[in-house]
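Visitor: As a plain string of letters, each chain reads:
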Amino acid sequence: MTTAIDHSLLDPPRLPREPLMETNAAITESVWVRRTLTAVALLFLAFFLLLPLVAVFAEALRNGVGTYVEALKDSDALDAIKLTLIAAAIAVPLNLVFGLSAAWCIAKFEFRGKALLISLIDLPFSVSPVVAGLVYVLIFGAQGWAGPWLAEHDIKVIFAVPGIVLATVFVTFPFIARELIPLMQEQGTDDEQAALSLGATGWQTFWRVTLPNIKWGLLYGVLLCNARAMGEFGAVSVVSGHIRGQTNTMPLHVEILYNEYQFAAAFAVASLLAALALVTLSIKSWLEWRHADELSALRRH
Amino acid sequence: MQIQIRDIHKAFGSFPALKGVNLDIQSGELIALLGPSGSGKTTLLRTIAGLEYQDYGSIAFGGEDIASRPVRERGVGFVFQHYALFKHMTVADNIAFGLSVRKGEARPSKEAITKRVGELLELVQLAGLEKRYPAQLSGGQRQRVALARALAIDPKVLLLDEPFGALDAKVRKDLRRWLRELHDKTGYTTIFVTHDQEEALELADRVVVMNRGQIEQVGTTDDVYEQPATPFVFDFLGSVNILPGEVEGRRLRFDGGAGWDSDSIHPPGLVDVYVRPHDLQLVEAGTPGLDATVTNVQRTGALIRISAQLVQLPDTVELELSHLDPAARSRRPGDAIRVSPIRYGLFPRAPHRRPTTLPDVVPNAPAEYRERGRN
Numbered sequence: 001m002t003t004a005i006d007h008s009l010l011d012p013p014r015l016p017r018e019p020l021m022e023t024n025a026a027i028t029e030s031v032w033v034r035r036t037l038t039a040v041a042l043l044f045l046a047f048f049l050l051l052p053l054v055a056v057f058a059e060a061l062r063n064g065v066g067t068y069v070e071a072l073k074d075s076d077a078l079d080a081i082k083l084t085l086i087a088a089a090i091a092v093p094l095n096l097v098f099g100l101s102a103a104w105c106i107a108k109f110e111f112r113g114k115a116l117l118i119s120l121i122d123l124p125f126s127v128s129p130v131v132a133g134l135v136y137v138l139i140f141g142a143q144g145w146a147g148p149w150l151a152e153h154d155i156k157v158i159f160a161v162p163g164i165v166l167a168t169v170f171v172t173f174p175f176i177a178r179e180l181i182p183l184m185q186e187q188g189t190d191d192e193q194a195a196l197s198l199g200a201t202g203w204q205t206f207w208r209v210t211l212p213n214i215k216w217g218l219l220y221g222v223l224l225c226n227a228r229a230m231g232e233f234g235a236v237s238v239v240s241g242h243i244r245g246q247t248n249t250m251p252l253h254v255e256i257l258y259n260e261y262q263f264a265a266a267f268a269v270a271s272l273l274a275a276l277a278l279v280t281l282s283i284k285s286w287l288e289w290r291h292a293d294e295l296s297a298l299r300r301h
Numbered sequence: 001m002q003i004q005i006r007d008i009h010k011a012f013g014s015f016p017a018l019k020g021v022n023l024d025i026q027s028g029e030l031i032a033l034l035g036p037s038g039s040g041k042t043t044l045l046r047t048i049a050g051l052e053y054q055d056y057g058s059i060a061f062g063g064e065d066i067a068s069r070p071v072r073e074r075g076v077g078f079v080f081q082h083y084a085l086f087k088h089m090t091v092a093d094n095i096a097f098g099l100s101v102r103k104g105e106a107r108p109s110k111e112a113i114t115k116r117v118g119e120l121l122e123l124v125q126l127a128g129l130e131k132r133y134p135a136q137l138s139g140g141q142r143q144r145v146a147l148a149r150a151l152a153i154d155p156k157v158l159l160l161d162e163p164f165g166a167l168d169a170k171v172r173k174d175l176r177r178w179l180r181e182l183h184d185k186t187g188y189t190t191i192f193v194t195h196d197q198e199e200a201l202e203l204a205d206r207v208v209v210m211n212r213g214q215i216e217q218v219g220t221t222d223d224v225y226e227q228p229a230t231p232f233v234f235d236f237l238g239s240v241n242i243l244p245g246e247v248e249g250r251r252l253r254f255d256g257g258a259g260w261d262s263d264s265i266h267p268p269g270l271v272d273v274y275v276r277p278h279d280l281q282l283v284e285a286g287t288p289g290l291d292a293t294v295t296n297v298q299r300t301g302a303l304i305r306i307s308a309q310l311v312q313l314p315d316t317v318e319l320e321l322s323h324l325d326p327a328a329r330s331r332r333p334g335d336a337i338r339v340s341p342i343r344y345g346l347f348p349r350a351p352h353r354r355p356t357t358l359p360d361v362v363p364n365a366p367a368e369y370r371e372r373g374r375n
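So the protein lines, in turn, are chains A and B.
Heads up: the first sequence begins at 1 in the numbering used here, then just goes up one per residue.
Heads up: the second sequence begins at 1 in the numbering used here, then just goes up one per residue.
Everything labelled a hint here was simulated from the structure, so no lab data went into it.
When the alpha-carbon atoms are kept at most 27 Å apart in a straight line, the in silico BS3-like pairs for lysine-lysine are as follows: (1) B:Lys185 with B:Lys156; (2) B:Lys87 with A:Lys108; (3) A:Lys215 with B:Lys87.
Partner residues aside, some chain A positions facing chain B, computed with beta carbon under 10 Å: (4) Ser8; (5) Leu9; (6) Asp191; (7) Glu192; (8) Gln193; (9) Ser197; (10) Ala200; (11) Val209; (12) Lys215.
Bear in mind the structure is a predicted one, so any value in this text is a computation, not a measurement.
Even for Gly, the Cβ is constructed at its ideal location relative to N, Cα and C.
All chains, please: the whole structure from these sequences, using the hints.
Guide: This is how it looks when you write it as structure tokens:
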């Protein structure tokens, strides 16, 4: 007698990976409907998204590469780039820590006031950035609540780098937390409990189980957060004071140049921001592809 | 490792999940916690593991009270219903996890860990798959990896939460048999949770039947099936006919039917007679029994199920007879039959006749109490 197959030892079945759309008649429209819809979408994208992008680079290079490089080598422009990088370099790590902690406690624990915390995290999305800037002026400005105390200790917040960082942190706060909360909620706490039951400490569990599970989501959040931190205009504009070479970030610098009719220079700096957007977009697409794969791997469980 | 559980109480908000549970488990036993959804079986398992804390009561492993210890100090091997394998780690890294997180002296050398992982893979019959990731494994293979990972830390007790819940019927059956063999080979004290009575009866040494946060009966598989202590256990461990009757001295009489001498000792009064469908037999007219009219005959494999309406009572009865039984084969709807119980249980007449084994989850119980991800 041959021994029976033990089904619990069998490998998973190999399913063919092919797109379902072509063969699935229920979700396939007739050819002309499909082509029209595709054409409408493409035209819209070209007109509203692609055209402005091309225009930025075209305008920036209108007077030749020489002027372009010249505009970027201008000391005010370099200072603006430096300040933007500094603000992002402080705001993004801060929000990485805040966002991770917030997402962790929301996804892994039950406590009173959780709904309130989630709404608070969304606040920067719903409040106009200008209002956010004004709030900081109200608190830290010369006439503000903490104004006299700050003046006494010779600390400048408004119209200085700390104000710009504060405003950037405020505006970019939700990006990382918002990205992580649904991901961590879906993953649940089984993995962490398994790690703990195997004798891992809380710290080991975090580094070896929780973090690897969310690394792509986290990177995605950081990327979006960084893009916004570098591009933020409204809130920063209110608290910065537009002091050239000191409190001017790239977006503010673009505005100043534009208002002074230095179009080529304005577009040159703007093209840097646009390039940043393109880089962000491509990394984001790549991550989404990775990220989606991880998520679907998760769902296959 | 001996386990003593004393008077465990646990509530989720206002919902009492465990209401005073006492249980003694001997070293090396294979115990099933059996009950419907919301009976507290998973909560009890998680409380033993230290994944939930009891509100009141004590738990001792080998005489040592561990009720206040956190899960990482209890040394339990917990296998989750959905395995909770670390999906960014290979099979080998998953199994090695419990050893590699140990610190200082307690951590075995790299070679020792590799050797132990190899032995465990051999034990769960997955040698050669150490480089795979969990996503590349079938459900049965994942369950084996989860088990190997839990065994790697040489646990004092092995706890399995619905170990076969998420698997296909065939995989489940093979895995069940293998788990029994593994237990006989390794001898770990093992507790598993299930809502499937067949699984519990087939796999366990002893079955703990739970209902509404309390233990209804603890006994060997024969005990709980053949001598159910309560109507709930009778009903939960298989289908049952419930007929009204009355005990007078040593005599049992069905309402509207003839009586006969009963060998069970039961105080006189109104009773419910619990009879399993396969414990009813067809008898000749004239012998003690109940008259009935066949309403439906259905053949399932080797069983013939007959539904019949009692003549003197408003109840219907179900019979399960062997397909080899000539008396059963020829029955058609409308035939008059006479049935008599071979074996039965007597319980005081209940105000509501039929106990329910439907999930009795309280609808407004807090979310964490609802059954986790049942497939």
